[in-house]
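Engineer: This is what each chain is made of:
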Amino acid sequence: MSTAPAKAAPVERKELHHPKDTMLREDRLPHIWCPTCGIGTAVSCFVEALRETNIPEEKVAVVSGIGCTGRVAGYVNLDSFHTTHGRAIPFATGLALAKPDMKVVVFSGDGDLVAIGGNHIINAARRNMNITVICINNFIYGMTGGQCASTTPQIAKTSTTPTGNTDYPFNVPYLMDACGATYIARWTVLHIRRLKKAMGEALNKKGFSFIEVIAPCATLYARRNRLGTGFDLMKFYHDNSEIQHGADTKMVDIGFQEKIICGKFVDIDKPTFLERYRGETNGGGK
Amino acid sequence: MSEQAVLTGEHFMTGDEAAAEGGLAAGCRFFGGYPITPATEVTEVMAKRLPGVGGVFIQMEDEMASMNTLLGAAWGGMKSMTSTSGPGFSLMMENLGLGIITETPCVLVNVQRGGPSTGLPTLVGQQDMMQAKWGSHGDYEIIALAPSSPQEAFDFTIHAFNFSEQYRLPVLLMMDESVGHMFEKVVIPKAEDIKLVPRRITKDKPADYLPFKPDDDLVPPMIEFGEGYRVHITGLTHDEKGYPVINAEAQQPLVRRLCEKITKNADKIYMYDERELDDAEVVVISYGITARIAQQVVNECRAEGKKVGHLRLITCWPFPEPIVRKLADRIKGFVVPEINLGQMSLEVERVAGRGIPTICVPNAGGEVHNPEDIHAVIREVLK
Ligand code: SF4
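Top line first, the protein sequences correspond to chains A and B.
Quick note: the first sequence uses this note's numbering, first residue 345, plus one each step.
Quick note: the second sequence uses this note's numbering, first residue 767, plus one each step.
Honestly, I wouldn't trust all of these hints.
Okay, derived cross-link-like pairs now, DSS-like style, lysine-lysine, Cα gap no bigger than 25 Å in a straight line [what the hints assert, rightly or not]:
no. : chain 1 : residue 1 : chain 2 : residue 2
1   : B       : Lys969    : B       : Lys1073
2   : A       : Lys403    : B       : Lys1149
3   : B       : Lys971    : A       : Lys403
4   : B       : Lys1073   : B       : Lys1034
5   : B       : Lys1034   : B       : Lys1072
6   : A       : Lys403    : A       : Lys501
7   : A       : Lys501    : A       : Lys541
8   : A       : Lys501    : A       : Lys549
9   : B       : Lys969    : A       : Lys403
FYI, nobody ran anything at the bench for these hints, they're computed from the structure.
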């Protein structure tokens, strides 16, 4: 004989949160990135690094351009701006000048920063604009489906270089060095501890600081070049990265599946644009 | 901060210089620019004056950067401005669109020269009028003002800032080379007599604030970065929270509101100058430098007993449709001289309809109109 169904005992539900919840926009998760994409790891390092600095979170802004990395601005729970393709740095420049008490971080990809935004990154470095630039380099245009970038190594196959890239790629740290960046480092997303440390140093640095983060794009770069999975790319970083702090940036170019020289290459001090403009130091001003 | 921002008094200056002084008087403290003839003098005045009033001038690497740096400064709480001419205006179109969709107040001065391309760097044109309205991709409405004198370059730059704050968008001052390089008397009022529209800062607390939730007039209140609001602002189609939403349900209301905040408030935006319209049989419609020549022709016509009036556009965009429609119902025709081969005249024709003629007096640029060319067309319409 049936009786009224027994009332189920209330299940104790523990609310699940992302471990970095206060720094991420939980209401926007899950993110759009593919499994094994390196961008998320770099964002993790960034939020941890930021938390370890003494910079109040409300005084930090993240500015991105367009592309897979361009979506970072939309996931960090900070004042953030998602600009047009290539233009994150000029937006950051205006913001940093209007709010000198803020730390303005540009988080974007190699295509966005070094190709379409190339003129902006070289001039911002030259001016020693007080911003931190984190450049995720996955050697390819991800968002649009895997086209050749100005960082794609020679030989590598992309959808617009189906028989292999014939162009010379940028050596990005060397480019930044030539333009006068005050802090230049390169790490892969395998080096999470070192990457986090570098991000902390860059955030605490006055002037134009730059970190190149080598990150796997398994979906497009690895697949087109038959390099395996994201895990295989991480294994490649493990076996082929070499740490050389203070290396001559001229020597740190990256060939196809060749050695990746990592480390802190440049760490110097010089007056920023605004300090010179306000006549607070030698070297110009009123 | 040792110098006066508002140079109260009588001056003798060019339109370019007056636009810069207008910006300073309106509270502009950030200028990102790139040199280009015939707008360079705006940039130079700002470079000289801004440090003295606590502002920042930066010469950017190109016009895409200039336009974008204005947006950054605006979200940092500053009033920001740039100046350019045709080739630079083309480059600014990309981030004009970003300013529109992110509803960022700022002012862009275009001292128009002859085009296309490099064209006539040092000589006059009014050929960017349609580009001002349609030059950036996608649907949008814009506010564009055309000064006819250095005094108006000063006054209208202040209006431009006020409109940009009131309706939260980049506003265009569509000057031309002749006005930009013309020296005339400019009277600058006392600072306290200049009416300024302050930024529409939200009263909401960070937890309650939705960056794109509009007030009744369809304009959302703004915030400044660095104040704990933790907003996300994107050039992607977004919801009221500012978060990207890539579908028609988000696109339809957003783009409609961006347009309607101008079209539904247009009656409060329209500015024009009516001269002898009451009994006019023919009305000349003009703007910028061309309005000065047109007025001379209208005066001559009146002296000859011809019933000719003059409608001088101050806001070219939004185009003052009601007055043009009203006139179209009772006059014989419109005559539209402009230093292009027919741009605003297309708008006049669209609004006036086919019942009466709208005749453009075209001029491909490099010089202002010969008054006789305008006169000849008026005679033709009066026949
Ligand atoms: S396409 Fe490549 S870069 Fe983009 S999210 Fe996927 S793995 Fe990452």
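Engineer: Lys403(A) and Lys1149(B): Cα distance at most 25 Å?
Structural biologist: violated (70 Å)
Engineer: Can the restraint linking Lys1073(B) and Lys1034(B) be considered satisfied, given a maximum Cα separation of 25 Å?
Structural biologist: violated (30 Å)
Engineer: Run the distance test for Lys501(A) versus Lys541(A): straight-line Cα separation, threshold 25 Å.
Structural biologist: violated (33 Å)
Engineer: Against the 25 Å threshold, does the CA-CA distance of Lys971(B) and Lys403(A) hold or violate the hint?
Structural biologist: With Cα atoms ~17 Å apart, Lys971(B) and Lys403(A) stay inside 25 Å; holds.
Engineer: Mind checking the alpha carbons of Lys969(B) and Lys1073(B) for me, to see if they're no more than 25 Å apart?
Structural biologist: Roughly 54 Å separates the two Cα atoms, so the pair is violated.
Engineer: Between Lys969(B) and Lys403(A), is the straight-line Cα distance small enough, at 25 Å or below?
Structural biologist: Satisfied, since the Cα-Cα distance of roughly 20 Å is no more than 25 Å.
Engineer: Against the 25 Å threshold, does the CA-CA distance of Lys1034(B) and Lys1072(B) hold or violate the hint?
Structural biologist: The hint is violated at about 33 Å.
Engineer: Given the hinted pair Lys501(A) and Lys549(A), is their alpha-carbon gap at most 25 Å?
Structural biologist: violated (37 Å)
Engineer: Quickly compare the C-alpha distance for Lys403(A) and Lys501(A) to 25 Å and report which way the hint goes.
Structural biologist: violated (42 Å)
Of the numbered hints stated above, those contradicted by the structure are hints 1, 2, 4, 5, 6, 7 and 8, listed in ascending order.
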